[in-house]
Amino acid sequence: MLCYGKWLLLGISLILCACTPKLDVELSPAATQQGPNPPGDFSVGLVVVPAPDVSEAGTGNEMAYRAKINELMAGNAKAMMNTISRNVTVLSSVGPDEQLDYYVVAYAPRVERTTRLWAMQNQTLTVAVDWQVLNKTRETLLKDTVVGEGVQPMGNGFTGKGNFEAVIRDAMSDMFYKVRARIMPVLAR
Amino acid sequence: MPDQRCLAVNGRARSGLCKPNDKADRHGRTTRRAFMLGGGLACVGLAGCGGEPLPAYTSSEQNLSPATGESGVAVAAYLMRDKTLQEKYFGIYLTEANITPCLISIKNDTSTDLVYFNAEDLALAFNSIQRGPETNASSVPETHGQGMLTAGASVALVGAALVAPGLQLIALPFILIGAAKMANSQEVKRNILAKQMFNKTLYPGEAASGFVYLKNPAGGIPQPSALTVNIRRRAGLAAPERASAYSVSI
Numbered sequence: 008m009l010c011y012g013k014w015l016l017l018g019i020s021l022i023l024c025a026c027t028p029k030l031d032v033e034l035s036p037a038a039t040q041q042g043p044n045p046p047g048d049f050s051v052g053l054v055v056v057p058a059p060d061v062s063e064a065g066t067g068n069e070m071a072y073r074a075k076i077n078e079l080m081a082g083n084a085k086a087m088m089n090t091i092s093r094n095v096t097v098l099s100s101v102g103p104d105e106q107l108d109y110y111v112v113a114y115a116p117r118v119e120r121t122t123r124l125w126a127m128q129n130q131t132l133t134v135a136v137d138w139q140v141l142n143k144t145r146e147t148l149l150k151d152t153v154v155g156e157g158v159q160p161m162g163n164g165f166t167g168k169g170n171f172e173a174v175i176r177d178a179m180s181d182m183f184y185k186v187r188a189r190i191m192p193v194l195a196r
Numbered sequence: 575m576p577d578q579r580c581l582a583v584n585g586r587a588r589s590g591l592c593k594p595n596d597k598a599d600r601h602g603r604t605t606r607r608a609f610m611l612g613g614g615l616a617c618v619g620l621a622g623c624g625g626e627p628l629p630a631y632t633s634s635e636q637n638l639s640p641a642t643g644e645s646g647v648a649v650a651a652y653l654m655r656d657k658t659l660q661e662k663y664f665g666i667y668l669t670e671a672n673i674t675p676c677l678i679s680i681k682n683d684t685s686t687d688l689v690y691f692n693a694e695d696l697a698l699a700f701n702s703i704q705r706g707p708e709t710n711a712s713s714v715p716e717t718h719g720q721g722m723l724t725a726g727a728s729v730a731l732v733g734a735a736l737v738a739p740g741l742q743l744i745a746l747p748f749i750l751i752g753a754a755k756m757a758n759s760q761e762v763k764r765n766i767l768a769k770q771m772f773n774k775t776l777y778p779g780e781a782a783s784g785f786v787y788l789k790n791p792a793g794g795i796p797q798p799s800a801l802t803v804n805i806r807r808r809a810g811l812a813a814p815e816r817a818s819a820y821s822v823s824i
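Same order as they appear, the protein sequences are chains A and B.
Heads up: the first sequence begins at 8 in this note's numbering, then just goes up one per residue.
Heads up: the second sequence begins at 575 in this note's numbering, then just goes up one per residue.
Okay, chain B solo, but in the shape it has when bound (with noise of 0.2 Å):
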């Protein structure tokens, strides 16, 4: 009666109790380990990468274009095109996905306005510009020749949108899901989220900047010519609110 203790799988003793004597279950036992190890260390592996944290974007004073507008509040902008650049700051070629991430400036050198930013109070002017049935001349200005989009008109837009600030926090890092890799996509989505601009009261002497992110128009329609950043300020508390527009050359 043998011992079922000892009961051979695939011609190999199983149990400790059933000494190998032959060399087919030593290599059998070194298999296994062998195999146990290498799927610890892959585990290990695997762990460990995808989850690079992107470097902070410094911006320098060259890169960022001056805009014209009332004196006492500095605005400057940035629109980063380049390809190696956006892979390094954000992880992936966004503009692949058809956004282009601009830094945007801006410092309050009164010594008595507050100033109001808000990141969905932005207009671009494009060159030209396709209109989609439902807008309306009021709310897409063309002077010039060139056409511009404000944020509160680009849902009215066929194909050619300002991605609304206020809603990239839910919506932009899912467009961009597709398009990144699947090893950093999480990296990717939240370092858009932390290289964001939001809405900021800027006081004398404050400053803030940060990127917003600019859905390009697809189909044909050329980049954005320029950016107008829209402010609200007052000289102190008792003085009423007024709008002030900067634009800027991109």
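Chain A extracted, bound-state conformation (with noise of 0.2 Å):
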């Protein structure tokens, strides 16, 4: 009887265990591939403003996977701009002296994690994001919180960390598939 109470419990730790993570996410957004219609020839200037400083945003785990949001941040949203224009410039900030058609800043993400105890239930991941979109003259066209959602399984010891991965790839995949929803039909007016 004990000898199959060891085996047992072994058995649904695995089942239990969410492994600690180490975030590896190739991330391939969907809104980021290229739509129906062509990118137009108007210019943008692109600034994706990063957190400020990312270990004040957590411990852990939790530090780990807002340092690499705010890393798929800078590289996807460049790759769907691409998609809605032929001619986009990184920028720093939004200087004075810049003479391009239009700006689109990304802030700083926000996320938040629900985790749940067993290896069947889902777990979620939010990430919400300010973007703003001003003219060449700095008049603001779009200012919005948009709002990505990933859900997943927690998984277990062997899949926990794919099941993580996915679940970071799927909230930032949602927020780009929005936002270029949105950003699109207001560069087109």
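Errors might be hidden in some of the hints.
What the hints assert, rightly or not - Listed below are the simulated SDA-like cross-link pairs for lysine to any residue, each with C-alpha atoms no more than 25 Å apart in a straight line:
id	chain 1	residue 1	chain 2	residue 2
1	A	Lys143	B	Tyr631
2	A	Lys185	B	Ala781
3	B	Lys657	B	Tyr631
4	B	Lys769	A	Asn129
5	B	Lys681	A	Asn142
6	B	Lys769	A	Arg176
7	A	Lys185	B	Pro629
8	A	Lys150	B	Glu694
9	B	Lys769	A	Arg196
10	B	Lys681	B	Met771
11	A	Lys150	B	Ala809
12	A	Lys75	A	Leu148
13	A	Lys185	B	Thr632
14	A	Lys185	B	Tyr690
15	B	Lys681	B	Ala800
16	B	Lys681	A	Arg176
17	A	Lys185	B	Ala768
18	A	Lys185	B	Asn637
19	A	Lys150	B	Pro629
20	A	Lys75	B	Lys681
21	B	Lys681	A	Ala195
22	A	Lys150	A	Ser180
23	B	Lys769	B	Ser679
24	A	Lys150	B	Asp695
25	A	Lys150	B	Gln660
26	A	Lys85	A	Arg196
27	B	Lys657	B	Asp683
28	A	Lys150	A	Thr96
29	A	Lys150	B	Glu815
Bear in mind the hints are in silico, worked out from the structure with no lab data behind them.
Since each chain comes alone in its own frame, lean on the hints to assemble the complex.
If you want it as structure tokens, here you go:
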């Protein structure tokens, strides 16, 4: 009886264990792929504002995934804008000397994660990013907070890392998909 | 010399090579199998509970109180005080955690104007107000015996504050963890974010709605009596941006 109990406990612990992930997310969200309309000829300046100090955002895993999301923001915002315009320039800020048609500013992402106890239950990751679109005379065309959500099972000791990466990818993809859908008509006006 | 594989544990054979030939052995195996089966079922049962998605709130026009303000933009709000409704749509009685959800609806009925809604630019009016030592008169204007809290001033007030919506994404769910049942606390947290209203730009004909979460003042201060939604609007891109306030009795 005791021996079987040990095996049972080991089995349960494997099911429950959502391992500590080393994040390795290769993000290729559908939102950054070419849409039905070809990119426009207007020029766009892109500014991605990262969190000022990620070390203050949390500790351990929390800090790791926030840092990862910051990193993903920068690369994928550029990829997304390339599907909207052929002429995208990455800027550090919108300076007075810039002479571009539009400016798109993405502010530091905020994230919230819910976790579950059991492997088969779903975890969620919510990413909220403030986006601002300015025209060449610096008038605000859009100032929206866009929220993306990813949902994946918690997974066990074998699948937990992959599921955690997948939930980040899903949340970012969802967010970029919505942003693209929101920005496209504004720039086409 | 006894077969080592047949060594008994607690008087029962533990190896399959040793055939059980008494009732106790058969009973023991049956008990172990029942225990394992029960454990497995318990795991499956527990995994299935606590994750029920909460329904989306569909507002009806009767619930929403229209705001007074400049024409062209329809603003309305509804303070959800009812315990049954809160438990249905948020999975928890939020008021017990000193938070009241407030549904805000905005529609741009103009043909030219751009409307900017900033979720942090809200103000609450109370019938009376308790001031903290750092609060100055300019941030807490008083008219006709009423007091007003702005989101920006809330930090300076002692024991009475509007949860700054910009901070809710991180801060608010953790407030609720203690109040929610452990089984559904994560779903409660996710659901609060899903129903929240964030910053939004409304072009002509566009509308938006969602909840903001008002932190009730603690310690005997009355419930809010009015909500002011401050939006910014401009009549076309060439026109200057201006502020426009809409007040709703809640």
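Which hint numbers doesn't this structure obey? Going through the list in order, the structure violates hints 1, 9, 12, 16, 18, 19, 20, 25 and 27 and respects the others.
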